[in-house]
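A.B. asks: Sequence:
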Amino acid sequence: MNVDIVMVDNYIGGKFVAPSTAKYLDVVNPANSHAIGKVGLSSSKDIDDAVAAAEAAFPAWSARTVKSRTAIMLKFHALVRENARELAELIVKENGKNLTEALADVAKGNETVEYACSLPQLCQGKQLQVSGGVYCVDRRDPLGVVASIVPFNFPFMVPFWTTPIALVMGNTVILKPSEKVPLTMRRVASLFQEAGFPDGVFNMVQGARDAVEAIIDHPKVKAVTFVGSSPVAKIVSARCRALNKKCTALGGAKNHLVTLPDCEMEGAASDICVSFAGCAGQRCMAASVLLLMGKQDDLLNSLVEKASKLKPGSCSGEMGPVIDEGSYKKIMAYIEESEKNGAKLLLDGRSWKKDEGNWVGPTIILHTSPKDKAMREEVFGPVLSVYECSSWEEAIEIENSNPFGNAASIYTTNGGNADWFLSRFQAAMLGVNIGIPVPREPFSFGGLYGTQSKYGDMDITGDGAMEFFTNRIKVTSKWPVSRTPLKKSHDQMEGHKDSANFAGQM
74 MNVDIVMVDN YIGGKFVAPS TAKYLDVVNP ANSHAIGKVG LSSSKDIDDA
124 VAAAEAAFPA WSARTVKSRT AIMLKFHALV RENARELAEL IVKENGKNLT
174 EALADVAKGN ETVEYACSLP QLCQGKQLQV SGGVYCVDRR DPLGVVASIV
224 PFNFPFMVPF WTTPIALVMG NTVILKPSEK VPLTMRRVAS LFQEAGFPDG
274 VFNMVQGARD AVEAIIDHPK VKAVTFVGSS PVAKIVSARC RALNKKCTAL
324 GGAKNHLVTL PDCEMEGAAS DICVSFAGCA GQRCMAASVL LLMGKQDDLL
374 NSLVEKASKL KPGSCSGEMG PVIDEGSYKK IMAYIEESEK NGAKLLLDGR
424 SWKKDEGNWV GPTIILHTSP KDKAMREEVF GPVLSVYECS SWEEAIEIEN
474 SNPFGNAASI YTTNGGNADW FLSRFQAAML GVNIGIPVPR EPFSFGGLYG
524 TQSKYGDMDI TGDGAMEFFT NRIKVTSKWP VSRTPLKKSH DQMEGHKDSA
574 NFAGQM
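Numbering (my numbering), first residue to last: 74 to 579.
In short, the hints are calculated from the structure, not lab data.
All figures in this text were calculated on a predicted structure; none of them were measured in a lab.
Be aware that one or more of the hints could be misleading.
As the list claims (entries may be wrong) - Derived pair list, reagent style DSSO-like, types lysine-lysine, alpha-carbon separation capped at 30 Å:
1. Lys199 / Lys96
2. Lys118 / Lys295
3. Lys426 / Lys382
4. Lys181 / Lys319
5. Lys293 / Lys368
6. Lys253 / Lys417
7. Lys368 / Lys444
8. Lys111 / Lys382
9. Lys140 / Lys111
10. Lys181 / Lys403
11. Lys444 / Lys413
12. Lys368 / Lys382
13. Lys140 / Lys181
14. Lys547 / Lys140
15. Lys140 / Lys384
16. Lys295 / Lys148
17. Lys319 / Lys379
18. Lys295 / Lys199
19. Lys253 / Lys111
20. Lys384 / Lys417
21. Lys318 / Lys307
22. Lys402 / Lys379
23. Lys384 / Lys368
24. Lys426 / Lys402
25. Lys253 / Lys319
26. Lys295 / Lys318
27. Lys379 / Lys426
28. Lys96 / Lys293
29. Lys403 / Lys382
30. Lys446 / Lys307
31. Lys426 / Lys384
Let the hints inform the model, and build the full structure from the sequences given.
C.D. replies: What follows is the structure, given as structure tokens:
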């Protein structure tokens, strides 16, 4: 099979530049294990070059008004819409999502671009007279050069949790995509250029651990965001903290869904199926554990039936592969250990195994102990662990005892019952009759402080990101009254013409 191999280089100062190491990794299509590209492995020198380009672009970019920066972002938003299909097809090829999921990946990322375009109406500072003739004003100033390190599971959406907000607020950005899925953002870099972003405002470096560590350690990088596994998120946060550097690091999840006997059964079964099997279960908001209140055989049978009808593939309604062989083996190990320990496989996805690609079918496991590994640890695949609880209190005890804190949902038709659970779940993003309770803009995304889902500062989208990517500057002033002749304005002295200013012209 002849496949055009795409070379994915760094994007620095408005140009694609080969890594100084001259080393590359294969980019592999997870559906068939064929190489589709080669991605550069950057060194600290490449990071130095990217930071230098971003630092050089920062004075002029930050000096623009927020409206001026937003105008360029609006052009970019339109370009994403025009090229959504092309971007989605790249996501299908390098990540394995079906086309509908890939289009949603692009649309959700572009929704954050829309939010960023509203920042002129949201980021104004405050002013108050606090004493006789004394005024306090606060404003948001950009930090400088900031960096985002993103995972493989949403090649477009997750980079756009941070990048558009950071840019509109006046920062310059260095993005480090996952080395497993760099093709989508390679195309996006050219869209940034086409939209009119000045050279050096947006930069992208490819690579693995060495690149990440060089980004974090660089003294000119003022803030870092990270999304990935909990162990790495913890390391990134600690490393940034040691350098007194702003950091938001989001880790893994173990999301629990609770179904009460009064839930709308068919709707719940359909929603739970999409939650645990959609995107091959590779999302931090996917259902991982289903806690049934007692015996709910009709619900469970309906869920198994719906999941069993899923077929492998990349078309709408089909389920794609997991990202790589390492993920495949990890998921297989959880399934096999659960079976060995006496759990019952209601649906066994191991039958999807092929000679090529990383195919795992939807798997539903009925456990007899909440202490099974698959009940407690992040699997990150299309595997749903089911456990029958004897009481509401037992369900809450199981949910609260897990070390993560991303999401939890309750399925019921009774508002009082829902409130009981919502007030007791220990997670940051909660749902009622929704299996993927992702907040939509302007609400921000992030796990619960003090858990393995979240390290560092703030949420990663919405007003959390607006706060994260700026410094609040407070000015307290008192002016004496003096009568002086009128002088020319600063704009007049500098020879600058503001065409939107009606004062003194007609």
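A.B. asks: Each hint should be assessed against the structure and marked as holding or not.
C.D. replies: Each hint tested on the structure:
1. Lys199 / Lys96: Not OK: Lys199 and Lys96 at ~50 Å, beyond 30 Å, violated.
2. Lys118 / Lys295: 18 Å, holds
3. Lys426 / Lys382: 16 Å, holds
4. Lys181 / Lys319: It holds: about 26 Å lies between the C-alpha atoms, which stays within 30 Å.
5. Lys293 / Lys368: 58 Å, violated
6. Lys253 / Lys417: Not satisfied, since the Cα-Cα distance of roughly 34 Å exceeds 30 Å.
7. Lys368 / Lys444: 20 Å, holds
8. Lys111 / Lys382: Given pair Lys111, Lys382 is violated - Cα atoms ~36 Å apart, limit 30 Å.
9. Lys140 / Lys111: Not satisfied, since the Cα-Cα distance of roughly 38 Å exceeds 30 Å.
10. Lys181 / Lys403: Between Lys181 and Lys403 the Cα gap is close to 29 Å, so the pair holds against 30 Å.
11. Lys444 / Lys413: Given pair Lys444, Lys413 holds - Cα atoms ~14 Å apart, limit 30 Å.
12. Lys368 / Lys382: 23 Å, holds
13. Lys140 / Lys181: Judged against 30 Å, a Cα distance of about 23 Å means the pair holds.
14. Lys547 / Lys140: 22 Å, holds
15. Lys140 / Lys384: 47 Å, violated
16. Lys295 / Lys148: Holds, because 27 Å separates the two Cα atoms, which is no more than 30 Å.
17. Lys319 / Lys379: The given pair, whose Cα atoms are some 45 Å apart, is violated under the 30 Å limit.
18. Lys295 / Lys199: 25 Å, holds
19. Lys253 / Lys111: 10 Å, holds
20. Lys384 / Lys417: 22 Å, holds
21. Lys318 / Lys307: With Cα atoms ~14 Å apart, Lys318 and Lys307 stay inside 30 Å; holds.
22. Lys402 / Lys379: 25 Å, holds
23. Lys384 / Lys368: Roughly 28 Å between the alpha carbons, so the hint for Lys384 and Lys368 holds.
24. Lys426 / Lys402: 11 Å, holds
25. Lys253 / Lys319: Holds, because 26 Å separates the two Cα atoms, which is no more than 30 Å.
26. Lys295 / Lys318: 6 Å, holds
27. Lys379 / Lys426: 20 Å, holds
28. Lys96 / Lys293: Judged against 30 Å, a Cα distance of about 26 Å means the pair holds.
29. Lys403 / Lys382: This hinted pair holds, its Cα atoms lying about 24 Å apart.
30. Lys446 / Lys307: 21 Å, holds
31. Lys426 / Lys384: 12 Å, holds
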